[in-house]
Structure formats: structure tokens, C-alpha cells
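*Asks:* Given chain A's structure and the hints, the job is docking chain B onto it.
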Amino acid sequence: MPPLIEVRNLRHVYHPGGAPPVVALDGVSLTIDRGELVAIVGGNGSGKSTLAKHFNALLLPTEGEVRVDGLDTRDRSALWEIRRRVGMVFQNPDNQLVATVVEEDVAFGPENLGLPPEEIAARVEEALRIVEMAEYRHHQPHLLSGGQKQRVAIAGVLAMRPQCLVLDEATTMLDPQGQREVLDTITRLNRDGVTVVHITHVMEEAARCHRVIVLADGRVALDGPPAEVFARVEDLAALRLVPPPVAALADRLRRDGLPLPAGLLDADQLADALARLEADRTAKRWP
Amino acid sequence: MALIECADLTHVYLKGTPLETVALRGVSLSIEAGELVALIGPTGSGKSTLVQHFNALLRPTEGTVRVAGVDLSDPRADLRAVRRQVGLVFQYPEHQLFEETVADDVAYGPRNLGLSDDEVRRRVREALRMVGLDVERVGPRSPFSLSGGEMRRVAIAGVLAMGPQVLALDEPTAGLDPLGKEEILEQIRRLHADHGLTVIFISHNMDEVARMARRVVVLSRGQVVMDGPVREVFRHAGRLSQVGLGVPSLVDLMQRLRRRGLPVREDVLTVDEAHAAIREALGWSSSAT
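So the sequence lines, in the order shown, correspond to chains A and B.
Using the working numbering, you'd call the opening residue of the first sequence number 1 and step up by one each time.
Using the working numbering, you'd call the opening residue of the second sequence number 1 and step up by one each time.
Hints may contain errors.
Label-pair ranges, simulated between beta-carbon atoms [stated by the list, open to error]: (1) GLU232(B) with GLU132(A): 31 to 37 Å; (2) ASP8(B) with ALA262(A): 53 to 59 Å; (3) ALA121(A) with ASP8(B): 46 to 52 Å; (4) GLU20(B) with MET1(A): 51 to 57 Å; (5) PRO20(A) with PHE98(B): 19 to 25 Å; (6) GLU136(B) with PRO20(A): 19 to 25 Å; (7) VAL98(A) with TYR108(B): 31 to 37 Å; (8) ARG129(B) with ARG161(A): 51 to 57 Å; (9) THR101(B) with LEU60(A): 31 to 37 Å; (10) ARG59(B) with VAL98(A): 32 to 38 Å.
Cβ-to-Cβ under 8 Å is the rule here; a few derived chain A residues that face chain B [what the hints assert, rightly or not]: (11) GLY146; (12) ASP175; (13) GLN177; (14) PRO245; (15) VAL246; (16) LEU249; (17) ASP268; (18) LEU270; (19) ALA275; (20) GLU278.
Non-contacting residues of chain A with respect to chain B, defined by C-beta distances greater than 12 Å in every case (computed) [to be verified]: (21) GLU6; (22) LEU58; (23) GLY193.
Because the hints were derived from the structure by calculation, they are not lab data.
Idealized CB from N, CA, C, for every residue including glycine.
So that you can see chain A by itself, here it is in the shape it has in the complex:
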């Protein structure tokens, strides 16, 4: 079976009217396998959103190629097959909802697939249940909170039964509660087998994914498990990223000489590590 997403030597050049061309992606190669939970991070202008739009053929390569489940995104006849496999959720929840009732909004995609009504109803039901919005099925989307709107947007994509969900800064405009809701939803989806690509500026969110790809100047600068990527504190600053406060604190304590493991990213991990050290110390195993 081919990889779910395969990007080879991808270059993307924008040609804004009159202005000089902008090289947004400059030789990106990467593979995303089925079942992965991947964060893509990078500074403004690093090429994150451009890359994401290649994952379901919203953009086509200037050079190089992108294959989704083996299908070349430049092959126009494969367009619908590609978009059924990879669904996108964007930043602004208000720009993505098209209907005046939640369940109609979620039904929009499957209706366009020309599915029979019972099948559509079943998919809507299932998608709303997965994002825990079933009780809001008859509500008006514009009266929901930001986090609820994004969950409805996710349900609309899920109703297409995609293999992969790409979220392009889908938590950026949400409050902390909304951010938690979306993050919990995608983590759960991933456990159930959906491949998730989460583009974010929030390092703590990236830390919850299994793999972090850092883009800089249209190239892949770092790619690895979060503990490995965030352990490279000096590299991050040069890539316009800032480690989360907890990671910065862990780094500082480590430089003090505390034998803390590398790659501690959230409060829970650091608290655990410190409590273990303290227990060791009181047991006189450490000065």
C-alpha cells in the first residue's frame, strides 16, 4: 500500500499580480503514514499553510510532486478521490459553516457525494456523535461557541469519511476551552485510526502530537518526536519558535545540574520528573 501522503521535492511559487514571485516551499520532501498524529509548526511565512493546501490538491506543485494514497495531485481526474481521503479544517470557524442548522451543515458534504438519504442521515449522526455535538443537531451554527463551531466543521469533514484530517491553525481563534475541545477531539479521532495533521503556533499543542515537523523558509528544518525536537532549544529560537515556559524551565534546571531527562514539555511530565528526583534525593541516592 502506498504511503497516505508522499511529498517529493515540492516547490511552490506564488505569483502575486505585479509583485515579485514568492517562493513559499523550496524543496520539501516528507512522508506521512496512516495513523500518524503530526504537528506542523514554523514561523509566519514558513510555508505551513501552503504545504497543508497541497495535501488535498487545493494547491498544485510548481515543481516536484505530491501523492495522496498513491494518487498524483496534478491528475485532475483524481481530484475528488483525493479530497475524499483528505479533509481540511481552517482557522476561522465562521468562514466554514454553510447551513443554518448544524445537521444540515454536516450533511452538506455527503449530499454532494449523491449518497442515499438514509446513508447521509447515518453519517451525520455518526460524525456529530464523534465530535460530541449530537445534542446540538438542531441548533443554529452561528449561536455556538468557537470550539463548538470548529467541532461542527470537523464533523462536516468526518461525514465524508476521510482517512486524513488536516487542521490549518484550527485552534488559533479559539479560547482556552475551545482549544481543549478541538485538541481532545483530534486526539480521540487519531486513536480511532484517523491520520491527523495539525498545523499550529502553540508549542504545547505540538507537544501532544507524536511527530513534529518544523518548517522554516519553505524547508523542513526539523522532523522528529516532540521530545527530540523541543530539546533543541537553541535551534528553535533561530526558527522563530519559542519553547513553552515549562520546557524553558526544565532546560534551566537541567543546566543547573539537575539530572532531568531531555524533552520535558508539559507541567505533568516536569512535575513527575521533579517528584522522582526529590524522592531519590531523600533516599540519599542523589546529593
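*Replies:* The following block gives chain B in isolation, referenced to the frame of chain A:
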């Protein structure tokens, strides 16, 4: 006399229609000159509605708003003067940039005040300097050729060029990359510390609130539910979580350490403070280094 004073402020959108929404209910709040206040609350809690009353962009349905003693509902109130006094920076303010050059964009406000060309030029230079940008370098450029963080600073400069005493910013760091956030926060800190501006900012990021603000006002469902010094507010993790908010990640860390039996203090705001608190509580003095 407080610089900004809201008394029993209620705001109802679309009153008398089926879509009637009460955005603020009975908000009373005083902000003194020179304060640096964070306004936090979940989406829909009324934060943006509240700050838009500070310069009479929105009018109270009930209650009063006074700026430097002037009741904004008074028909004799000079609202143009109030809008110069209180500068409002909206969410994603760079979407409102429109001129061909940075200098023209920042000059737009002062020109409308009917100031002389020399004075306009002086204000543009000064406003750009206040956000850490050099008029010689960026002035002639198209605002759209700048980075996201720079564009936002240009938009803030456009408000500063009006010479406000108060700057109210609605989610000034939203959507910027981590370094862009740092740059904006640093500029805001300087505007407060070096230029004496009274600053009110809305944020969803508790880490940046902890680092920036002296005072935190918490809104929930259109009401002020907490208002106090930043350390005091973040002591109440339970109440914050009830209204859908959290505590800064370092406070969260300290609370977790305490639950694991380590006697650290909880009210830390910065990495430096957390570092000192851990070393102090655990007796890791210089011997550990």
C-alpha cells in the same frame, strides 16, 4: 478620578428583536491612569463589547461610561477628543491596513485631524519608533511586504499616531508565531513602561497574561467575576476553570508539585520565579550546580 469608569454598564445587542443578546450586564469597573490590565474570559463573555465602550464605539444600553470624568452619554461630550484619548486596536488589525506605504498608512489618522504636514511626519516617525520600527527603513515599503508581526506593529502605530493616553488591544498576539508574539508583547510593555500609556489588553493566553499584566479582570457571561492583582487571580484555579479558563502553565506546574508533596509556592509568574521557587522549596542550593 479614575481614567476610565464604567458604572452598572449593560449592553444589549439587537434589543427588541428575536436575536436580542445581552452582552454585558451591570459591569462596574475603574481603571486608573498608568495601569496595565489584562481582560480575560471565554468567547462571548463580553470582552470586546466592553473595550468598545471605552471610546464610545458602542453606547451603553444602561449605565454610564466615563473617560477622564466625561460621561460619554452626555450629548455635549466631545467624542472625537475621547477617541483620540483612547486608542482601540482591534483583532487582526493588520487586515485594516490599506495604504500603499507604511508611512501613509500610519499618517492616515493624524492627517484627518487636520495637522500640518510637519506634525504628521513627526507623529509617523515617533509612532513607528514606539513600536520598534524605523521610518527610514519601513516607511516607504508596502505594508503587505512586511512579516505578520511587523504588519501588526504598523497597525498599532497607526493608533499611536493619534497620541492616545490609553491603548486598548483586542487579542494583540492572536495568530502570530511565537517570536512575533514576543515582539508585540515587548512593544506593549515598553509603551506602558517608557511612554506611560495606560494599557488594557484582551488575551486568551494565560502565560502571556501572567508575564504582562499587573491586574486581571475576568469576565464571564457579561459580568465581572474576578478583578484583582495577577498573582491573586491565578491563585483561584477552581473558579477560573468554572468559567472555562485555566491558569498559566507555570502555576499549573507548581500546583502539580504541591499535589505530589513538594512544598513550592504557587504564585509564580515567570520562568525566573518558578526556577527560584523550586530551588528554594527543595533546598537545591548552589551545591546542586
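*Asks:* Now tell me, hint by hint, if it's right for this structure.
*Replies:* Right, here's what the structure says about each hint:
A beta carbon spacing of about 35 Å between GLU232(B) and GLU132(A) agrees with the range 31 to 37 Å that was offered as a hint. Remark: the range hint 53 to 59 Å for ASP8(B) to ALA262(A) is upheld by a beta-carbon distance near 55 Å. Between ALA121(A) and ASP8(B) the beta carbons are some 49 Å apart, a value that agrees with the proposed interval 46 to 52 Å. The supplied range of 51 to 57 Å is met by GLU20(B) and MET1(A), whose beta-carbon atoms lie about 56 Å from each other.
Checked against the hint of 19 to 25 Å, the C-beta distance between PRO20(A) and PHE98(B) comes to roughly 21 Å, which is consistent with it. Look at GLU136(B) against PRO20(A): about 22 Å separates their beta carbons, and that is inside 19 to 25 Å. The given range of 31 to 37 Å is respected by VAL98(A) and TYR108(B), whose C-beta atoms sit roughly 36 Å from each other. Our hint of 51 to 57 Å for ARG129(B) and ARG161(A) holds, since their Cβ atoms are close to 55 Å apart.
One distance hint, 31 to 37 Å for the beta-carbon pair THR101(B) and LEU60(A), holds here, with the actual separation near 34 Å. Against the hinted window of 32 to 38 Å, the Cβ-Cβ separation of ARG59(B) and VAL98(A) comes to about 34 Å, which satisfies the hint. For the restraint placing GLY146(A) at the interface with chain B, the shortest Cβ-Cβ distance is roughly 5 Å, inside the 8 Å limit, so the hint holds. Contact between ASP175(A) and chain B, as hinted, is supported at the beta carbon level, the nearest pair being about 5 Å apart and thus within 8 Å.
A cut of 8 Å between beta carbons decides the hint on GLN177(A): the least distance to chain B is about 4 Å, and the hint holds. Interface hint status for PRO245(A): upheld, as the beta-carbon distance to the closest one in chain B is roughly 5 Å, under 8 Å. Using the Cβ-Cβ criterion of 8 Å, the hint placing VAL246(A) at the interface with chain B is satisfied: the shortest such distance is roughly 5 Å. Interface restraint check: LEU249(A) against chain B, minimum CB-CB distance 5 Å, threshold 8 Å, status holds.
Hint status for ASP268(A) relative to chain B: holds, with the closest Cβ pair at about 6 Å, below 8 Å. Satisfaction of the interface hint for LEU270(A) is found here, the shortest Cβ-Cβ separation to chain B being roughly 6 Å, below the 8 Å cut-off. The beta carbon of ALA275(A) is positioned within 8 Å of a beta carbon in chain B (closest approach about 4 Å), and the interface hint is therefore held. Among the interface hints, the one on GLU278(A) holds; its C-beta lies about 6 Å from the nearest C-beta in chain B, closer than the 8 Å criterion.
Annotated as non-interface, GLU6(A) keeps its C-beta farther than 12 Å from every C-beta of chain B; the closest such distance is 27 Å. With a least beta-carbon separation of about 20 Å from chain B, LEU58(A) lies farther than 12 Å from that chain, consistent with its non-interface assignment. No Cβ of chain B comes within 12 Å of the Cβ of GLY193(A); the nearest lies about 30 Å off, and the non-interface call holds.
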